[in-house]
Amino acid sequence: MSLLSVRDLTVKFAMRDQTVTALSQISFDLGKGERLGIVGESGAGKSITGFSLMNLLSRPGFIDSGKILFEGEDIVQMNEKQLRSIRGNRMAMIFQDPMVTLNPVLTIGQQMVETLMAHRSLSKSEAAHISVLKLREVYIPSPEERLNQYPHELSGGMRQRIIIAMALLLDPELIIADEPTTALDVTIQADIMELLLELCQSNKVGLILITHDLGVVSQMTERTLVMYAGRVIEAGRTREIINDPQHPYTQGLINALPQQTLPGHRLKQIPGNMPGLGALPPGCPFSPRCEYSVDRCRTTLPEIVQYAGIEVACHEVKRLHNADETQEQSA
Amino acid sequence: MSTLSTNPEPSRLSRVWNSNMAYSFRQNPVAVVSMAIFLIITLAAILAPVFAPFDPYDPAQIDIMNSEYPPIWVDGSDAQFIFGTDDQGRDLWSTILYGTRLSLLIGLCAVALQAFLGISIGLIAGYVGGRLDSLLMRMADIQLSFSTLMVAIIFLAVTQAMFGSAAFNKYAVYFLIAVIGIAEWPQYARTVRATVLAEKKKEYVDSARVLGFGPLRIMVRHILPNSLSPIFVISTVQVANAIISEASLSFLGLGMPPSQPSLGSLISSGFDYIFSGSWWITAIPGIVLVVLVLVINLLGDWMRDVLNPKLYKG
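If you read the protein sequences in the order shown, they are chains F and R. In terms of our numbering, the first sequence has 236 at position 236, counting the first letter as 1, and numbering is strictly consecutive. In terms of our numbering, the second sequence has 242 at position 242, counting the first letter as 1, and numbering is strictly consecutive.
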């Protein structure tokens, strides 16, 4: 049985004059210790997916339908008490900006000890001992001293390490990392990602990595989910998606990477913007920006189909693929 | 590593002494002087039984023949009585000490009650939001549309009539604390709610929710400590206000009885004699009251400047 299995998750936002669908029919599975990347541009619904997995959407958002089975139990149906026993305990979350994620008026030790004591019946000194061990695991130098420090006394990279240590405090089975390195500078980004990967592998923790950085996804994850306007448009093994993307949007994303362009040339960007959730086109949400779109794309929503080992939501995937091959052959 | 660990951990006291707040306090002569005066008044009030030569509550020590002696720097005074005596022959200095004690006690307790009510209601309104928020804040608006004094006068007059003067005088302290406390809670509730609304959106609250903490713990342990600065500032203003309210009510005869005078009832009892020349019975407690309220307000001003993030630059 897989650790997490999401089925037809639909999330809506009740706005003043209308209800918009932020996520529609998201489905995916995650095995124990497996690492999944969720990619997409801003507003595609990546973070909302992360929050819904914890059933932590705040108003006006709500889960409209679908199931989130965490080890067979449906998180959508759980009451607040059951949810609290899962949050932080069996499922942890790491946020984007370490500068604001820690409570500024409590010491690191207070925050860690409190988290431990909220979920386990431990004495204060036992909890402090575990905290020190976890800080050591994330390579924090002299962890005993850190416990008495306040977040503002530490650097950004150090804080993100502490946040990772806090996520690992209760040995969760799943960590959801929502752009964990966006607020850090590049050298520290690499360190933090390496640390996260190492910890997930050695502790057999499942990881959902939400990011817009395809490079990070390719290094960190085994499987990838590409989202666009609240839908999954492509899903499969990371290596296959990176090497041979099927959906025109994913292809566009990969072509837009700076590495894909010669120095001095303009970057290949995808024209246009993602449509607002209130004004989605009737057909494929990507059709207005897609260079391959035909009439059918603008009128009917594509179903997810299996193609070359990848699940992809595109009408024209076969034609595109054949066209690629004929091009290659003629070249 | 050894060089780091040989560096002795600063003690709590030196941490406080070296903090930004303590530094700005030392740099601000107004704050230092205000604090000194406030501490002197408070100490004198707390230690009133030690400093006071007479016990103004003990009728055996009061002799009506001693009434209306002027302060010692005026002709016709008695060296026993530094600030003179009041109309009943009580030593004014002792009475002021005991009166200040009562005024401070009522002011602080009333503010504690206000703070308790206001902070709880403000936290709940701000954190829960929605209908409950609207309901609680409309209650606050209604409460604010009555003036504190009006509510207090009606409440105290009714209780005085209900319980009779003797019983009322016995419990006057508690009645005053309750009425001033209840009349002013919306000040706290509004301030706290506004801060909570701002704090609630910060990510550390999300991360506390993600860690599986319940709403009560998030409110009290995470949001409240981050909302303390406006609470401190408003508290100083409210203590001054509460002392003034108490004095006003006592002056109007609705507060402390003349047998157990606070500063306000002392001023009031002397007011009857001001035109017969005994100005000191009103003037001296009046000066004490004004100085007390002024230093508290000055301290509040200083605190507001220090804790205001817009004015605070490193």
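Derived from the structure by calculation, the hints contain no laboratory data. Keep in mind that a hint or two might mislead.
As the list claims (entries may be wrong) - List of simulated lysine-lysine pairs, BS3-like, C-alpha gap at most 30 angstroms: (1) R/K201 to F/K67; (2) R/K200 to F/K124; (3) F/K124 to R/K170; (4) R/K170 to F/K67.
Claimed, not checked - Chain R residues, not near chain F, derived (Cβ > 12 angstroms throughout): (5) F163; (6) L224; (7) L228; (8) N297.
Note that beta-carbon positions come from the ideal geometry of N, C-alpha and C, so glycine has one too.
Next item on the list: Sort out whether F/K67 lies within 30 angstroms of R/K201, counting only the CA atoms.
Entry: holds (28 angstroms)
Note to self: Does R/L224 clear chain F by more than 12 angstroms, comparing its Cβ with all Cβ atoms of that chain?
What the structure shows: About 9 angstroms separates R/L224 from the closest Cβ of chain F, which leaves it inside 12 angstroms; violated.
Notebook entry, point to check: Per the stated criterion, does the least C-beta distance between R/F163 and chain F lie above 12 angstroms, as a non-interface residue requires?
Noted result: The claim stands: R/F163 keeps its Cβ more than 12 angstroms from every Cβ of chain F (closest is about 45 angstroms).
Margin query: Between the alpha carbons of R/K170 and F/K67, is the straight-line distance 30 angstroms or under?
Written below: At roughly 66 angstroms apart (the allowed maximum being 30 angstroms), F/K67 and R/K170 break the hint.
Margin query: Would the non-interface assignment of R/N297 survive a Cβ cutoff of 12 angstroms against chain F?
Written below: holds (27 angstroms)
Notebook entry, point to check: Within 30 angstroms, alpha carbon to alpha carbon, are F/K124 and R/K170?
Noted result: violated (47 angstroms)
Next item on the list: Mind checking the alpha carbons of R/K200 and F/K124 for me, to see if they're no more than 30 angstroms apart?
Entry: Between R/K200 and F/K124 the Cα gap is close to 28 angstroms, so the pair holds against 30 angstroms.
Notebook entry, point to check: Non-interface claim for R/L228: all C-beta distances to chain F beyond 12 angstroms?
Noted result: violated (8 angstroms)
In this structure, the hints that do not hold are numbers 3, 4, 6 and 7, in rising order.
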